[in-house]
Amino acid sequence: MHKLYTWVFEPGFFSNAPVHVAALIGGVVAVVSAVVGVFTVIRGQSFGGHALGDVSAAGGSGALLIGLNPLLGFVGLGIAGGGVMDMIGVRRVRGRDLATGIVLGAAIGLSALFLYLDSTAGATTGATQQILFGSIFTIPSATIPFVAIFSVISLASITAGWRPLLLSTVSTDIAAARGVPVRLVGLLYMLALAVSVGLSSLAVGAILSTALLIGPAAAALRLTRRVGWALAVAGLIGVGATWLGILLAYDSYYWGSGHQGLPVSFFIVAVIFTTYLLSGLPPRASRRGAAPPGLTRQRGAALPGARSEERGTSDEGRGKAAR
Amino acid sequence: MFASFMMNTWIVATIVAPVAGVVGFFVVLRGSAFPAHAIPKGAFAGAAGASLLGISTLVGLAVFSLLGALGIGSLGRRGRHDVTTALTLVMMLALGAAFLSRTTEYEPAIYSLLFGEVLGVSTTQILPVAALGVVCVAAVTMLYRPLMLSSVVPEIAEAKGVRSHRMEICFLIVVALATTMTVPVVGALLIFSLMIGPPAAARSFTDRPGLAMLLSVVIAVVTVWAAIAGSYLYNWPVGFFVGVLGAFSYGIGRAWAAWRRTRITPAAPPQLRPATGRG
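In order, the protein sequence lines correspond to chains Z and G. Position 120 of the first sequence, counting from 1, maps to 120 under our numbering, and the rest follow consecutively. Position 151 of the second sequence, counting from 1, maps to 474 under our numbering, and the rest follow consecutively.
Hints are computed from structural coordinates only; laboratory data are not their basis. Fair warning: this is a prediction, and the values are worked out from it, not measured in the lab. Using N, Cα and C, we set each Cβ at its ideal position, and we do this for glycine too. There could be a bad hint or two in this list.
[As the list claims (entries may be wrong)] Stretches of chain G that chain Z covers, calculated by requiring three or more beta carbons in the stretch to come under 8 Å of a beta carbon on chain Z:
| no. | segment |
| --- | --- |
| 1 | 356-368 |
| 2 | 405-417 |
| 3 | 564-576 |
[Unchecked claim] Computed Cβ-Cβ distance ranges for the label pairs, DEER-style:
| no. | chain 1 | residue 1 | chain 2 | residue 2 | range |
| --- | --- | --- | --- | --- | --- |
| 4 | G | R486 | Z | W229 | 32 to 38 Å |
| 5 | G | I334 | Z | W229 | 55 to 61 Å |
| 6 | G | R586 | Z | G240 | 55 to 61 Å |
| 7 | G | V457 | Z | A142 | 51 to 57 Å |
[Said to hold, decoys possible] Far from chain G, by Cβ distances over 12 Å, these chain Z residues were calculated:
| no. | residue |
| --- | --- |
| 8 | I102 |
| 9 | A148 |
| 10 | S157 |
| 11 | G161 |
| 12 | R163 |
| 13 | G179 |
| 14 | L184 |
| 15 | L188 |
| 16 | A211 |
| 17 | R226 |
| 18 | W229 |
| 19 | D251 |
Let the sequences and hints guide you as you build the complete structure.
See below:
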């Protein structure tokens with residue numbers, strides 16, 4: 001029994017300080033990302049969620065250049081990018097993709113410049129890799145309070161706008177008819193997304209930021225159609241995948257003889273990806289026999305995401321968007 | 324600026340830009356901006372893997388960009404497109420992170436794969452780039468009609484027997500080929516800027532598909548030329564100029580479209596515009 005225990009948890013796992021910090025921050029980021037992610041997936045804004053990570057990374061490298069706190073750069077440019085995307089993005093799904101792409105393209109250009117200037121200024125080494133991949137094991141403990149504050153802001157704004165956000169997410173038309181300021185709600189949601197993505201890409205790197213935002217939420221929405229349940233399931237998957245990934249990365253140091261661990265982001269993403277693939281197995285079988293797609297909509301909990309998943313396409317209004 | 328060591332750069336850039344303009348036209352038309360970002364960025368991991376195994380970077384890029392295209396295409400059948408694209412991308416990047424942790428590849432090499440190394444193109448790189456470029460353009464020409472049909476009116480395309488899912492896979496493979504040839508030169512991230520900015524601008528200027536494609540090629544070529552010239556003069560990375568000029572040309576396109584709309588026809592009252600649906 002003891003042997004099995006030490007085989008699963010290699011010596012020192014529970015007394016290792018970086019592991020504590022990583023598990024704590026990773027857990028907080030996973031929960032916030034999962035909550036924001038459920039709305040992101042239902043709204044079909046995965047691209048925006050990913051792009052904001054790159055946009056805020058450009059802010060981070062810019063902040064390094066002028067000697068500002070990187071956190072301000074990350075969150076600041078993230079919010080600016082989200083605002084611009086929302087401003088130029090027409091409300092159609094496809095127009096929004098284009099707007100996201102344009103902002104992302106410009107941000108990548110800026111990032112190229114900032115990283116180049118960073119490296120010639122000699123301010124940083126490994127900035128490119130750090131900003132792209134990040135590492136949950138190298139989080140400076142000074143970051144913890146900021147992560148906590150911004151997590152609370154992000155979660156609070158989602159909770160405060162819960163009803164209108166949910167309504168305008170599930171059906172823009174119904175929300176508009178009921179007098180919900182759909183545009184404003186969309187903008188506020190975008191800002192909450194920008195804050196949480198900026199934060200998570202600083203804390204855990206751009207890859208994990210997207211993985212934690214989209215993966216758990218998408219898996220949860222395949223398992224349940226109730227938004228409340230989806231939030232809980234997504235949070236559990238996110239935290240579980242993060243902790244399992246940290247454990248595997250810690251253990252991987254002892255695998256083989258090379259004593260060369262694999263990066264933690266690799267394990268966390270692998271766990272999330274596997275979970276997503278597995279989540280597709282059970283409900284499809286049961287859904288086949290359920291009511292036809294047209295009818296499921298009338299049940300309060302049916303989501304547009306779930307509907308288009310059945311059809312196998314997400315690009316609604318294709319014909320409409322094309323001129 | 325036109326010294327002999329710059330000639331390869333001008334040649335390769337002039338090959339890459341039209342291909343990006345043509346492929347990018349369909350990227351914008353189909354609303355595939357996310358796959359067009361994900362495939363090159365994920366293919367970057369292939370380059371890292373190739374350096375780990377000691378094989379040619381081009382092979383690694385080709386394998387990973389094709390894997391990415393097939394992953395996005397086949398998973399997208401069951402799940403939502405944007406979600407599966409995001410997850411395929413992070414999975415490929417995670418593999419890239421694992422590869423990088425095992426190699427001794429150092430910082431500038433990573434930077435140049437991401438943001439391009441236009442100014443260091445060797446003569447041996449020209450031939451594969453040109454060959455793949457020809458293949459890409461030929462593929463788009465062959466697929467032109469069904470691709471256009473399934474991009475603009477998918478329902479009619481289905482009725483005419485064009486399998487939209489098969490078309491999607493074909494198109495993603497074309498994007499993957501374009502990626503393979505361009506990543507070593509303009510970098511994984513900038514090919515995206517080049518495939519989005521110029522075609523989006525071109526579509527704002529004209530509604531006619533043929534003309535828009537031509538315009539998109541012209542804008543892409545001008546963008547790349549200006550970017551190289553700017554990079555040569557100011558010693559700033561090419562990527563910066565490509566990214567910013569791409570967004571800038573789109574801005575001009577949007578301004579032009581808005582100006583033309585107010586000049587020719589009074590804007591339709593809001594309630595007459597087609598319903599925007601969800602989102």
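Status of each hint after checking the structure:
| no. | hint | result |
| --- | --- | --- |
| 1 | 356-368 | holds (count 4) |
| 2 | 405-417 | holds (count 10) |
| 3 | 564-576 | holds (count 7) |
| 4 | G:R486 with Z:W229: 32 to 38 Å | holds, 36 Å |
| 5 | G:I334 with Z:W229: 55 to 61 Å | holds, 58 Å |
| 6 | G:R586 with Z:G240: 55 to 61 Å | holds, 58 Å |
| 7 | G:V457 with Z:A142: 51 to 57 Å | holds, 54 Å |
| 8 | I102 | violated, 5 Å |
| 9 | A148 | holds, 25 Å |
| 10 | S157 | holds, 20 Å |
| 11 | G161 | holds, 17 Å |
| 12 | R163 | holds, 17 Å |
| 13 | G179 | holds, 16 Å |
| 14 | L184 | holds, 16 Å |
| 15 | L188 | holds, 16 Å |
| 16 | A211 | violated, 4 Å |
| 17 | R226 | holds, 18 Å |
| 18 | W229 | holds, 18 Å |
| 19 | D251 | holds, 15 Å |
In terms of the numbered hints stated before, the structure departs from hints 8, 16, listed from lowest to highest.
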